[in-house]
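Peer 1: Each chain, letter by letter, is given below.
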Amino acid sequence: MNKKNLLVYLRRISQIFFILLFFYLLFQTEYRGEFTKDITNPIRIDLPVKFFFEIDPLTAISTVISTHSLYKDLILAVVLISATILFGRFFCGWICPMGTLHQVFSTVSPSRKGIKRIESNKGHPNQIVKYYILILFLAAAVFTSLQVGLLDPITFLYRSVTTAILPGLNLSFSFLIDKLNSFDNPYVQKIVDGIYSFTHDYILSFIQINFHFAWIIGILFLIALLLNRKETRFWCRYICPTGALLGLFSKFSLFGMEKAHDKCTDCNKCLLDCQGADSPQGRVDWKSHECIMCFNCERVCPEDVIKFKFFPSRTSTSMEPNFKRRWVTLSGFAGLFIPFFSRGSAEFKINFNPKLIRPPGALEEAEFLARCIRCAECMKVCPTNALHPTLLEAGIEGIWSPILIPRIGYCEHTCILCSTVCPTGAIRSITEEEKVGSEKVKPIKIGTAFYDRGRCLPWAMAIPCIVCEEHCPTTPKAIWLEETDVPAPNGKIVRVKRPYINPEVCIGCGICEKVCPVQDKPAVYVTSIGESRSMENQVLLDSSRYK
Amino acid sequence: MGDNNIDRREFLKRVTNAGIAIGAVTGGAFLLHNKDEVISAGESIVKVKDFRITGDTLPQMTIAKGDSPAKIVKAAVEGMGGMKRFVSRGDVVVIKPNIGWDRSPEQAANTNPEVVAETVRLCYDAGAKKVIVTDMSCNDPRRCFFRSGIGKSAKDAGADVQLPKDYKFRKIAIKGEVLKVWPVYTVILEADKVINIPIAKHHNHSTLTLGMKNWYGLLGGRRRDLHQNIHMSIADLAGFIRPTLTIIDAYRILIKNGPQGGSIRDVKMMNTVAVSIDPVAVDAFATTLFDRKPEEIGYIVEAHKRGLGSINYTELQPLIISA
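Chains as they are written, first to last, in my numbering: chain A, 1 to 547; chain L, 1001 to 1323.
Accuracy of the hints is not assured; some may be wrong.
[To be verified] Below 27 Å or equal to it, Euclidean Cα-Cα: the simulated BS3-like pairs (lysine-lysine) are:
1) L:Lys1047 x A:Lys37
2) L:Lys1129 x A:Lys37
3) L:Lys1035 x A:Lys179
4) A:Lys440 x L:Lys1256
5) A:Lys179 x L:Lys1047
6) A:Lys497 x L:Lys1035
7) A:Lys179 x A:Lys4
8) L:Lys1155 x A:Lys190
9) A:Lys492 x L:Lys1305
10) L:Lys1152 x L:Lys1035
11) A:Lys190 x L:Lys1305
12) A:Lys37 x L:Lys1165
13) L:Lys1035 x L:Lys1047
[As the list claims (entries may be wrong)] Stretch by stretch, here's where chain L covers chain A in the computed footprint (C-beta under 8 Å, at least three residues):
14) 31 to 41
15) 169 to 179
16) 203 to 213
17) 413 to 426
18) 474 to 486
[What the hints assert, rightly or not] Every beta carbon over 10 Å from chain L, so not counted as near; a handful from chain A, in silico:
19) Lys3
20) Asp46
21) Ile115
22) Ile165
23) Ile463
24) Cys465
25) Val467
26) Asn502
These are calculated hints, taken from the structure and not from any lab test. C-beta: ideal position from N, C-alpha, C; glycine also.
With the rest of the complex left out, here is chain A (with noise of 0.2 Å):
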């Protein structure tokens, strides 16, 4: 094999190897029970499921922006800015599994052919938007308006897997698994919980998961998808601002193309396959900043015009995109703007929405904004589906930061693991005991239950329940009982137990929330107000408050 055809087969190699490490670590983001360690041992997640997020460019330097500090692991992402200076915007087209998916949607069964596909792939001026769509996003950032999770591929293909394709996958296992058990056969039965045990070991997670409002990320995933038919590589080329970063480090890059313009003889074929659409053919300069380093042009050429290599002569590259100061200038301002357009909305601490029940450790909102990707990365691991995607509800300059939907999922007492998994810190670190808190130090409190008395068995109908009581996982029980004889809808006398909710102790778990049996609007819910991370969310004096 010659030494050209071997780096499009590495290429190749690299691609699937990183496209099944990032689906492995994904499925991977989940406890999955453990029956081998002692059980002092804490409950975390061993693989490193955050790797994708930390090698992320874009997320370090974009909250480093807006915290002014690199957060733990993210300063692995020097190790691919450095390989970005050393061989140019490698990662788009060898490692980023976005880039991936996009390119199979480009190659299968391509859209176009022969003429039309070399011409789709000359290039076109527009191709700098990602450009300002990176401006745009950092200089949100420089006011703590952390947006770039948006339109970043990592977070993008995480959040839509996670929240927009999983879930239907795993309906669609149950309802296979469903028609084969109706079969009632030793032999199908086998059948039944292999494939049970395989799905539910390495794919989808331990119950049946549902996202707030998926569909909307569905839909943009499969958009940004589709629009590999209209162009090679579509979002790569046009949209994206991580992307974009890198495009901009390959500057620097030691390594690249050196073109013999006189060889050419105008065949075009490394136009086929070009992904970057970055002028590798003759004649014209060769854009580093968009080329992706697939090789393939370098494979094809007949007449050895084009040659990668370290140190490479210049003189027909252009090694930056072609900004036009004028658009350079709108975006960022824009982009300044941001925070204080979204902000000047009533939605952002003024209008304090109760659904806005953030994961426990969550920062206070203002950091929380400055720090949070949107990744879902918290939303993956929750054991009990509960944390989902806001639509609007932390206005919109939160959309798809973590909510608590405790009638969907309740917070479960002991576990930390949204903390552990948050790569950015917007979710910071937390452990066991400082969630569950102590004699010494208080519990973290995400909200506070209420009773709707109208509707609660025991208060409204005389009839004996409980069950928020039982399943309330405090010491002492948030949740308190009155034994009191009271007129049954019948109008006899009865004694029933009538709760109470403490609102010193309750730490907003939702677990009552969640399994109180009036289905549709539950006789408990919880809301945001009390929660440890604000100031001003609150209802109860606390002379500790202001320390």
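With chain A fixed as given, assemble chain L onto it according to the hints.
Peer 2: Chain L only, in chain A's frame:
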């Protein structure tokens, strides 16, 4: 328009195709036509067998006390005549502990893991082919099975520890007063013998949760609704599942804030295990550990009334053993 004439062959072809299409639609419609007012779900409803053993010459109840949870279980079962009396060679045994909560053994919200493990070993020693340990937890089952220590201890003893799987529920005829048909965990259908190993705990609604209440943990569906008629529904379950053996773990008991507890202060050491073939009698005995009388507990009274066992546990002449 006159130029559009078609030939006979084409005419016949089109008419035939149209005819087939109409025939297919009409035939399909008649085939699927539902003339009944009620749409039946078409689900089969199965029955559960009786897991009791026959013959009652040997002791019917033993109570063992001692410092080691494993030793007292072993002694109590041996006092009953040994596990071979209950488990035959090749049996599939389902053991149903209480693994309801994400709590550690010291918090006494779940069955003691050593009690469960020792029972698993006793079953295997008696020749069981497979011992399954399972429960439908209230908290996240993965956490409950781990934190209770039962996942590890039972697995180490060789048991097939099964986290509840959502496809393994079927509507089963319970034929009770409150529970007519309910989704039940189908592991019970695989069993030759069933051993119930609850922990004795305070329960804020039913007063105490003991053996018969532990069958809640085999139910799916909206079991939270059962609190609305708790004593009757527990008695229904006691009539539905007739276990081979009930082993009440009272090594530690939870005397307050049950069934979940949380504080070590609510836990009392009793160092006791009670074993019986009579699920009502063993529950009746366990009430005395809490300084209560069996007559105070609605479901025990109701189960006795229905003839599921005896509330007067002393009539069984329980054998008291120190180990």
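Peer 1: When the structure is checked against the list of hints, which entries are broken? Sort them ascending.
Peer 2: Numbers 1, 6, 7, 10, 11, 13, 23, 24, 25, in rising order.
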